[in-house]
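Chains as they are written, first to last, in the working numbering: chain G, 11 to 267; chain W, 26 to 389.
For the record, the hints were derived by calculation from the structure and aren't laboratory data.
Some hints here could point you the wrong way.
In silico BS3-like cross-links for lysine-lysine, where the CA-CA straight-line distance does not exceed 30 Å [what the hints assert, rightly or not]:
#1 G/Lys18 to G/Lys102
#2 W/Lys215 to W/Lys228
#3 G/Lys204 to G/Lys234
#4 G/Lys102 to W/Lys220
#5 G/Lys19 to W/Lys228
#6 W/Lys228 to G/Lys205
#7 W/Lys297 to W/Lys256
#8 W/Lys382 to W/Lys220
#9 G/Lys205 to G/Lys238
#10 W/Lys270 to G/Lys204
#11 W/Lys186 to G/Lys102
#12 G/Lys198 to G/Lys234
#13 G/Lys198 to G/Lys238
#14 G/Lys258 to G/Lys202
#15 W/Lys228 to G/Lys28
#16 G/Lys250 to G/Lys202
#17 W/Lys378 to G/Lys28
#18 G/Lys28 to G/Lys205
#19 W/Lys186 to W/Lys255
#20 W/Lys186 to W/Lys256
#21 W/Lys215 to W/Lys382
#22 G/Lys258 to G/Lys208
#23 G/Lys102 to W/Lys255
#24 G/Lys18 to W/Lys270
#25 W/Lys270 to W/Lys297
#26 W/Lys228 to G/Lys208
#27 W/Lys228 to W/Lys186
#28 G/Lys102 to W/Lys215
#29 G/Lys102 to G/Lys202
None of the values given here were measured: they were computed from a predicted structure.
What follows is the residue order along each chain.
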Amino acid sequence: MSTEIEYKKVFGRPESLKDNPTHYCPGCGHSIAHRLVAECLDEMGLREDTIGVPPVGCAVLAYNYFNFDMVEAPHGRALAVATGVKRVHPDKFVLTYQGDGDLAAIGAAETIHAANRGERISAIFINNAIYGMTGGQMAPTTLLGQNATTAPRGRDARLHGQPIDISSMLAICGGVVFVERCALTTIKQIRKAKKAIKKSFQCQLDDLGFSLVELLSPCPTNWKMPVKAAWDWVNEEMVKTYPLGLIKDTTGYEDKK
Amino acid sequence: MPSEKMLMNGSQTVGEAAVRAGCRYYFGYPITPQNELPEYLSARMPEVGGTFIQGESEVASINMVLGASVAGARTMTSSSSPGISLKQEGISYMAGMELPAVIVNMMRGGPGLGNIAPSAADYFQATRGGAHGDYRTPVLAPAGGQELVDLTFEAFDLADKYRNPVMLLGDGLMGQVMEPVVFPDFIDLKDLPEKDWALRGCKGREARAIFSMILGQQGELYRHNLDLQKKYDRITAEEQRWETKYAEDAELIVVAYGTAARIAESAIEDLKAEGINAGLFRPISLWPFPLPALRELSKEIPKVAVFELCLGQMVEDVILSVGERAEIYFHGVPGGLIPTPAEVAEFLRSTVKGDGKVGRRMEV
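Please work from the sequences and hints to get the whole structure.
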């Protein structure tokens, strides 16, 4: 009589992620965002057709963790590089994965114009309101009053300007079909984020235009907070400046249902 | 089949040559005096199934080139001096990532915004790297006309052969003067060597990444730099190009490239009537500079006259080549003025006499 127990695999590492430990800090949102992107690529069968462009910033080494083709871009230029790739391979799947400094400060021009051209690219935008890799300097998205190593008395609107809401700016561009902002700090929001990422990917597959998913992401290290406090700060403070939810959707996907 | 003989300006000539050399992806931003090139390709690319994008900046354009290159395509951008400065970051990345592309610089007067007249003041920038890091880019300097066609083809071949950005260095005069040219037949894209390193998705193989950041603690970047240097040494050994004219029995050798070389050639021909026997040494590859060839020549000839459309940049490579074997004289015209052959002839007369009236003797 057989005593073998039949095991059913219910959870594992997505094929789109490599079996490498990441360099991300405890409590950072990048690992969650990486996993969501990887799960979506796997579930949509896109891994082998994907070319990804990571940012300069904390995720600059994303090619050590993502298991698909990737090309480095200079700081801020991910969407210009992705434009070149996509124009050569219109039949491949092209995504960028960028932080707030990369996408909203030094790369603002590339971001706006790639979006406005309606490049068939999916952008994953990690907003943690700080420069992580370089050690906590003020980001374009840093909140008013938030401390940074280059804003030691807190961000002051008169001195530093207001935090920039680039996702809403992109939403008014004609080539943009879908923009949604989610957070990586509650189960519910993480599930929403995955849904939004999938929808963004579908926009590209359906040749609709440019799409972007903004993910509010905790940075306990540079916010100088314990993990729990950092996650709470996303849920309680960050969302006041960056309200969660759909920002633009002209896909018509829901109408079809 | 090769084309009929056609009358085209230099910018359009480079555009058509690029298309025939297999370039299907052009990205650029307007700047005078090379706008005829993007304008030409904006009409031409769709006719051959190619892509033309007017980028939002030179910075964006060079990074689109980076993306098209990593995807495996022959790709090009063009600009003029201030715009080329903006492209330097991308060129450095492409050198580090070993990505081929052709960058055209139709030089204008500088520094800063300068003016829109022809100049050759970007020699240092073109041949010394231009951006940060220990890297080199081959630089081909046509003298206009048919050579714009031939060197555009060569630039794409060199870029692919060495997986390196290559610069085609012209100037605003060359870009706008119309000359008769003949184009070779279209390269069949299927005949181009396979780029097995390009990114096209990882179907049937391991995923891979192409990047320039090498953080390892075991000297990985050190070794990467040594590998790049080996490539640059190979290029230096194998890819020097130059032309000599009237060099036999010359009492004086004139060193000039591009538009300056054409003016110098007229001056040399005018001086024959006066019994002054000057020869021309025209570097075509500015990096690698044809140093051994010029060194050999200078062993036979007592005087070398260097003429540039700037205040003395290539002359440093001439000094490195010639050393103390011959007296070196320099005359340069900056700021976008184009001297006549008569002015250059005055410089050469003065050099022969050694009277110091036009130009100056270089200290070596």
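Here's how the hints hold up against the structure:
no.: 1; hint: G/Lys18 to G/Lys102; in the structure: violated, 33 Å
no.: 2; hint: W/Lys215 to W/Lys228; in the structure: holds, 21 Å
no.: 3; hint: G/Lys204 to G/Lys234; in the structure: holds, 28 Å
no.: 4; hint: G/Lys102 to W/Lys220; in the structure: holds, 17 Å
no.: 5; hint: G/Lys19 to W/Lys228; in the structure: holds, 25 Å
no.: 6; hint: W/Lys228 to G/Lys205; in the structure: holds, 26 Å
no.: 7; hint: W/Lys297 to W/Lys256; in the structure: violated, 43 Å
no.: 8; hint: W/Lys382 to W/Lys220; in the structure: violated, 55 Å
no.: 9; hint: G/Lys205 to G/Lys238; in the structure: holds, 25 Å
no.: 10; hint: W/Lys270 to G/Lys204; in the structure: violated, 69 Å
no.: 11; hint: W/Lys186 to G/Lys102; in the structure: holds, 26 Å
no.: 12; hint: G/Lys198 to G/Lys234; in the structure: holds, 25 Å
no.: 13; hint: G/Lys198 to G/Lys238; in the structure: holds, 17 Å
no.: 14; hint: G/Lys258 to G/Lys202; in the structure: holds, 15 Å
no.: 15; hint: W/Lys228 to G/Lys28; in the structure: holds, 16 Å
no.: 16; hint: G/Lys250 to G/Lys202; in the structure: holds, 18 Å
no.: 17; hint: W/Lys378 to G/Lys28; in the structure: violated, 73 Å
no.: 18; hint: G/Lys28 to G/Lys205; in the structure: holds, 22 Å
no.: 19; hint: W/Lys186 to W/Lys255; in the structure: holds, 14 Å
no.: 20; hint: W/Lys186 to W/Lys256; in the structure: holds, 11 Å
no.: 21; hint: W/Lys215 to W/Lys382; in the structure: violated, 58 Å
no.: 22; hint: G/Lys258 to G/Lys208; in the structure: holds, 15 Å
no.: 23; hint: G/Lys102 to W/Lys255; in the structure: violated, 35 Å
no.: 24; hint: G/Lys18 to W/Lys270; in the structure: violated, 81 Å
no.: 25; hint: W/Lys270 to W/Lys297; in the structure: holds, 13 Å
no.: 26; hint: W/Lys228 to G/Lys208; in the structure: holds, 21 Å
no.: 27; hint: W/Lys228 to W/Lys186; in the structure: holds, 25 Å
no.: 28; hint: G/Lys102 to W/Lys215; in the structure: holds, 20 Å
no.: 29; hint: G/Lys102 to G/Lys202; in the structure: holds, 25 Å
In this structure, the hints that do not hold are numbers 1, 7, 8, 10, 17, 21, 23, 24, in rising order.
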